[in-house]
Amino acid sequence: LQEVTASSRHYVDRLFDLDPQKVLQGVIDMKNAVIGNNKQKANLIVLGAVPRLLYLLQQETSSTELRTECAVVLGSLAMGTENNVKSLLDCHIIPALLQGLLSPDLKFIEACLRCLRTIFISPVTPEDLLYTDSTVISHLMGLLSRSRYTQEYICQIFSHCCKGPDHQTILFNHGAVQNIAHLLVSTSYKVRMQALKCFSVLAFENPQVSMTLVNVSVDGELLPQIFVKMLQRDKPIEMQLTSAKCLTSMCRAGAIRTDDPCIVLKTLPCLVRMCSKDRLLEERVEGAETLAYLIETDVELQRMASITDHLIVMLADYFKYPSSVSAITDIKRLDHDLKHAHELRQAAFKLYASLGANDEDIRKKIIETENMMDRIVNGLSESSIKVRLAAVRCLHSLSRSVQQLRTSFQDHAVWKPLMKVLQNAPNEILVVASSTLCNLLLEFSPSKEPILESGAIELLCSLTQSENLALRVNGIWALMNMAFQAEQKIKSDILRGLSTEQLFQLLSDSDVNVLMKTLGLLRNLLSTRPHIDYIMSTHGKQIMQAVTLILEGEHNIEVKEQTLCILANIADGTTAKELIMTNDDILQKIKYYMSHSNAKLQLAAMFCISNLIWNEEEGSQERQDKLRDMGIVDILHKLSQSSDPNLCDKAKTALQQYLA
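Numbering (full-length UniProt numbering), first residue to last: 1 to 660.
For the record, the hints were derived by calculation from the structure and aren't laboratory data. Where is the CB? At the ideal position from N, CA and C, for every residue including glycine. Keep in mind that a hint or two might mislead.
[Said to hold, decoys possible] Simulated restraints on C-beta separations:
hint: 1; residue 1: L47; residue 2: K420; range: 47 to 55 Å
hint: 2; residue 1: R146; residue 2: N38; range: 27 to 35 Å
hint: 3; residue 1: P450; residue 2: S381; range: 13 to 21 Å
hint: 4; residue 1: V299; residue 2: S640; range: 43 to 51 Å
hint: 5; residue 1: T582; residue 2: L659; range: 23 to 31 Å
hint: 6; residue 1: E238; residue 2: S103; range: 30 to 38 Å
hint: 7; residue 1: G619; residue 2: D361; range: 54 to 62 Å
hint: 8; residue 1: L106; residue 2: N38; range: 26 to 34 Å
hint: 9; residue 1: V512; residue 2: K190; range: 52 to 60 Å
hint: 10; residue 1: L334; residue 2: L47; range: 35 to 43 Å
[Stated by the list, open to error] Calculated pairs, BS3-like style, for lysine-lysine (alpha carbon to alpha carbon, straight line, at most 27 Å):
hint: 11; residue 1: K416; residue 2: K364
hint: 12; residue 1: K541; residue 2: K591
hint: 13; residue 1: K277; residue 2: K320
hint: 14; residue 1: K448; residue 2: K416
Work out the full structure, taking the sequences as your base and the hints as a guide.
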């Protein structure tokens, strides 16, 4: 290293010469020495060239030519490795360059912007450095009109530094839309392209920007029309893809209808074209991911995509060749594509998940694609977390099909890798995997038995204690599905696994979804007489407490109706009935709901009464007498005159028990 640095030292020494002309020549020679030479760049950084170049760049006494050449050399150093960029950032290069933008000299401004652009597009540069001083953004907006270079570099800086809604809002409030729109018709391709990229990041998942873009026009033409022109097949691929992304964001934000011809006839077919195997790897990845986002929530677009250009079969190639034979002209490309092949698999899983989200026929086609289930099963255990997440999403989408749950899912024992994924996965995977498990635990799914044997109850009970709301909902939902028409042992295991304390915790959860699923679980546990009697003999006191708690709380109609249905199930037990009959508080509540203003609640309360007074059962006479003394028969007479046919019938049937 010493020999190498020694030969580079003279470049740095010349920066300290007293003759300004020699300094300028030194900087120019340095510029020529570092172009395309990463070793030389690293040496000069080690030898301390950066602080001196920055000093010269900021000196008022330096000539404009010297300051410009310094900015060019710094830009060249930034073009090297990520470590170079880190060294430049450590020397506070960004404030120095931003200061330089205040100069009146255009060539110097352009050199500063080019260097800033190179630094900001590096992954090691924090985007927030652009937003620390609020005057910077408005100054950059002002510089957009200076030249095509300022336009290209500033748009590129914006599109790289716009990460998330906060940045979008800052740029939007500084007039980004108005200032950048006219650049879409610039004579320079690079300017048009960078402006387009700006809009694609500004509009992403942002309804405010998307709604604004729809109504902006340039030279009498609305932006969506300009984007559609940029989608045409004769345009460069990156332009087609980026304008498709803009239109996709606008469509997802509701700014363009899903049945608009610009989506159905232009955007969707363009994105499907990007999935073809003649395209480069990154084009195929971006095409598939954008298409997955476009069609994710719209069944008509899903159907349309599924029959465009044999897309479902075309996606199968994503698992085979990272690049097409025509693209492998150089070994470097092949090496790159093999390293990034996992991105293709992720994109394919995502798009399959969107395609199969709603339509049974499409799911069938996907599953019948060669080795599809094996591919998903392999995807579940890949090292890349993104691939695992996408594979689980795909599985979840396909698990909505009753037909597939009974066939393909069974043939491939999908539950095994799924249970493995559920052990210690990050939350975003857990949420989707547990949703899938909910579907595999439905009563008609043959996977139910083996899942139970593999320790699912414990796992699901632990999910119900999660801080994450979606996980709590899925845990309790899966237990509810598991308890449906289950044998007594499973029901007892669930109650033991949950513990009474946790059950109360769930019943007092602030989220109504958790509450409803927990009540659903209780209702499924308390079905069929022997089970009702057994569970009430072991957990009766706590369950009655829980029911009281809910009926007294501030809850919506659905919650109270579900709770009364649980009471009706308890009233259907043989010995369990007594827990209601000996609890005057609960009896008064049932009476209250019989006269409630809501017919659903009245009906549910009547079910309780009918089950308590049913004639054929032992002790029915005493129960009837007690309820008559409470005034229940009077209410039944009143209800038998009801205009609601359901209530009327139910009341008459109940009264007949008294007459029999």
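Against the structure, the hints come out as follows:
1. L47 to K420: 47 to 55 Å: Given range 47 to 55 Å: holds, Cβ gap about 54 Å.
2. R146 to N38: 27 to 35 Å: holds (32 Å)
3. P450 to S381: 13 to 21 Å: 18 Å Cβ-Cβ, so the 13 to 21 Å window holds.
4. V299 to S640: 43 to 51 Å: Cβ of V299 to Cβ of S640: about 46 Å, so the range 43 to 51 Å holds.
5. T582 to L659: 23 to 31 Å: Since T582 and L659 have Cβ atoms about 26 Å apart, the given range 23 to 31 Å holds.
6. E238 to S103: 30 to 38 Å: At 33 Å between Cβs, range holds.
7. G619 to D361: 54 to 62 Å: Taking Cβ atoms as reference, G619 and D361 lie about 55 Å apart, which means the hint holds.
8. L106 to N38: 26 to 34 Å: Between L106 and N38, where Cβ atoms are some 30 Å apart, the hint holds.
9. V512 to K190: 52 to 60 Å: holds (53 Å)
10. L334 to L47: 35 to 43 Å: The hinted range 35 to 43 Å holds for L334 and L47, with Cβ atoms some 38 Å apart.
11. K416 to K364: holds (22 Å)
12. K541 to K591: OK: K541 and K591 at ~21 Å, within 27 Å.
13. K277 to K320: Judged against 27 Å, a Cα distance of about 10 Å means the pair holds.
14. K448 to K416: Roughly 12 Å between the alpha carbons, so the hint for K448 and K416 holds.
Of the numbered hints stated above, none is contradicted by the structure.
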